[in-house]
Amino acid sequence: METAFKTAFPLIVYSLGIVAAFGGVMMIVAYTVLAERKVLGWIQRRIGPNRVGPWGVLQPFADLLKFILKEDLTPDKSTKFVYFLAPIVALTAAFLPMVVYPFGPPLSDPLSWLVPYLPVIPLGAEPNIVAWIAEQAKNMPLTIARIDIGVLFVLAVTSVGVYGIALAGWSSNNKYSLMGGLRSSAQMISYELAMGASVLGVVMLAGTLDLNGIINAQANSPWYMRWFIIPQFIGFIVFLISAFAETNRVPFDLPEAETELVAGFHTEYSALKFALFFMAEYVNMFTVSVMCVVLFLGGWYVPGLSHIFEVGSIPYALASHVAFLLKIFFFLFLYIWIRGTLPRFRFDQLMSFGWKFLLPVAIGNVIVTTIVVFFLNR
Amino acid sequence: MAGTVLFFLFAGFAIACAVSMVYHRNPLYSAISLIGVFLALAALYLTLAAPFIAITQILVYAGAIMVLVIFVIMLLNLDEDKPLNRLKYLYAVGGGLGVALLAQTFFIFYAVLKAPKAEVDPNTTVGKTMSIGRAMYTEYLLPVEIVGVMLLMAIIGAVILVRKMEHPHLELVGEDEDEKE
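Residue numbers (my numbering), protein chains in the order written: chain A, 1 to 378; chain B, 1001 to 1181.
Calculated directly from the structure, the hints in this document are not laboratory data.
Values in this document were obtained by computation on a predicted structure and should not be read as measured data.
Among the hints, a few may not be true.
[As the list claims (entries may be wrong)] Heads up, incomplete: computed chain A residues facing chain B, CB under 7 Å, no partners named: (1) 125; (2) 142; (3) 145; (4) 149; (5) 159; (6) 185; (7) 189; (8) 209.
[Unchecked claim] Not close to chain A: a few residues of chain B, all C-beta gaps over 10 Å, as computed: (9) 1005; (10) 1037; (11) 1040; (12) 1051; (13) 1090; (14) 1108; (15) 1110; (16) 1128; (17) 1139; (18) 1146; (19) 1160.
Here a beta-carbon is modelled for each residue, glycine too, at the ideal position from N, C-alpha and C.
Turn these sequences into a full structure, and let the hints steer you where they fit.
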């Protein structure tokens, strides 16, 4: 019993962590949708949704219920299996990067203070299993999986997400869907390069691919480059622009340009399958915001917070986590703000902008950073 | 224990995807199956404590090369009902290559059975990014440089092939053909 519990313990902890992170991300995504409708309403001098609940706060749940209850149509001549697979691929690839997000600083001893208030439960040779759990929780990182290649993991998994859109476009047997899918795959391959190149500068400055390591590197930098947005400003701009293109958002939302392609790749999708694509887009927005915050804005690190709270204590972690979320909300707001402000690119403009401007700028940034880092480290 | 279960899970998935890739006549289904093979192999690399190789597998093969393959298939929109006109001797070539591959597989089996058994240590640094980078830029610098030059040549070649029609005066080979057209 005791050994079985101890073997299964990491599995339980990981499952709890995944459930907590999943629930949190889903809530943020649901309210991003509502915030988008509200903010766009204000930008366009409308009120926005205000019927479901006070101030429209229950609107996301009403939308979800509607999506579940609507009729699920499948086009007659679609490729059934691929048509079914595409939204699943899109959402899975969108959610997977969640496991490496650094949600906050590691907790040095989160549970020991609770032990005296809890009942003593002996289990096998262990006198008190509650104390054992508290012992295990020491130095708990607020990350589900600490892998030393977090940056690459996020880039790799999000790059798989393009299949969801491309296959949806192909399997729908609709010319608008196909055009949307083709545009999307071309766009995502093109901007992936600029995105990867813009991350390289940060990776060189930090000397690691680990997301927590990058945050620590920023915290330990001299004051004039405490956030990597300062030495890597060009990289930040390139990353932000390619992030908009990677998530198919305005001004790069050509795969679903409604004036020419009806709804692009998801023209033929209805009910819950459409909802999955919709969610995948917003989860991708969240992922990209997390990456922006972690790579360029110091992640959960708040300068000077260690003077107020003890490093590793619960209030310190909580305050850092709130700061992390606030930074993310800023980027989510930026997405909405830009959607309400900018018109759409034309497809040839999009391609020449990505290949002839963004990629050379990103590579130039890498070369300059390499030279500077080389001379700094001598 | 968990490692064994995961190995059989992902190895089985990889083999199933590989069989489905060969079996399907629709090229898009084959391409999707191939992506499945790559993902399963990446998972296997992860269980072998080589995260960098696993992620590179996804990033390069599944994330870039197969996207291009699918892109081309979607653009060509091949007709499913039309039988592909395969040449007869290709069957012989395929059979020969299959036999060679089978022999190689059995040789690897034999070598593995002969080799001393060693547990995979998840804390080993061999598969970590730092050690791979260090090895690449010290011990294996010359091969890396050669590959870099070859890739550059391939890029220049691709650009020249695409630009053939726009600038015939830049042609080195096949200038007569352009004149005939």
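Legend entry - Per-residue hint verdict: residue 142 (chain A), partner chain B, C-beta under 7 Å: Status violated, d = 21 Å.
Does the closest beta carbon of chain B sit nearer than 7 Å to the beta carbon of residue 125 (chain A)? Violated: closest Cβ of chain B sits about 22 Å from residue 125 (chain A), beyond 7 Å.
query = Does the claim that residue 1160 (chain B) lies outside the interface with chain A hold up, using a Cβ gap greater than 10 Å?
reply = 17 Å, holds
| message | Over 10 Å from every CB of chain A: does residue 1090 (chain B) meet that, or does the non-interface label fail? | response | Given that every Cβ of chain A is farther than 10 Å from that of residue 1090 (chain B), nearest at about 28 Å, it holds.
Exercise for the section: Would you check whether the claim that residue 1040 (chain B) is not at the interface survives, using Cβ distances to chain A and the 10 Å cut-off? Expected result: Holds: least Cβ distance 13 Å, greater than 10 Å.
Would the hint on residue 149 (chain A) be counted as holding, given a Cβ-Cβ threshold of 7 Å to chain B? Residue 149 (chain A) check passes; min Cβ-Cβ to chain B is 5 Å, inside 7 Å.
### Query
Holds or violated: is the Cβ of residue 1146 (chain B) farther than 10 Å from all Cβ atoms of chain A?
The claim stands: residue 1146 (chain B) keeps its Cβ more than 10 Å from every Cβ of chain A (closest is about 21 Å).
**Request:** Check the non-interface label on residue 1139 (chain B): least C-beta distance to chain A beyond 10 Å or not.
**Result:** 21 Å, holds
Problem - Interface-negative label, residue 1110 (chain B) against chain A, beta-carbon threshold 10 Å - result: It holds; residue 1110 (chain B) is separated from chain A by about 34 Å at its closest Cβ, greater than 10 Å.
Reported absence of residue 1051 (chain B) from the contact zone with chain A (all CB gaps over 10 Å) | Nearest chain A Cβ is 5 Å from residue 1051 (chain B), so the label is violated.
message: For the restraint on residue 159 (chain A), tell me whether the closest CB of chain B is nearer than 7 Å.
response: Hint on residue 159 (chain A): holds, closest Cβ of chain B at ~3 Å, below 7 Å.
Evaluate the condition: distance from the CB of residue 1108 (chain B) to the nearest CB of chain A exceeds 10 Å.
28 Å, holds
Of the numbered hints given earlier, the model fails hints 1, 2, 3, 12, 16; all others are met.
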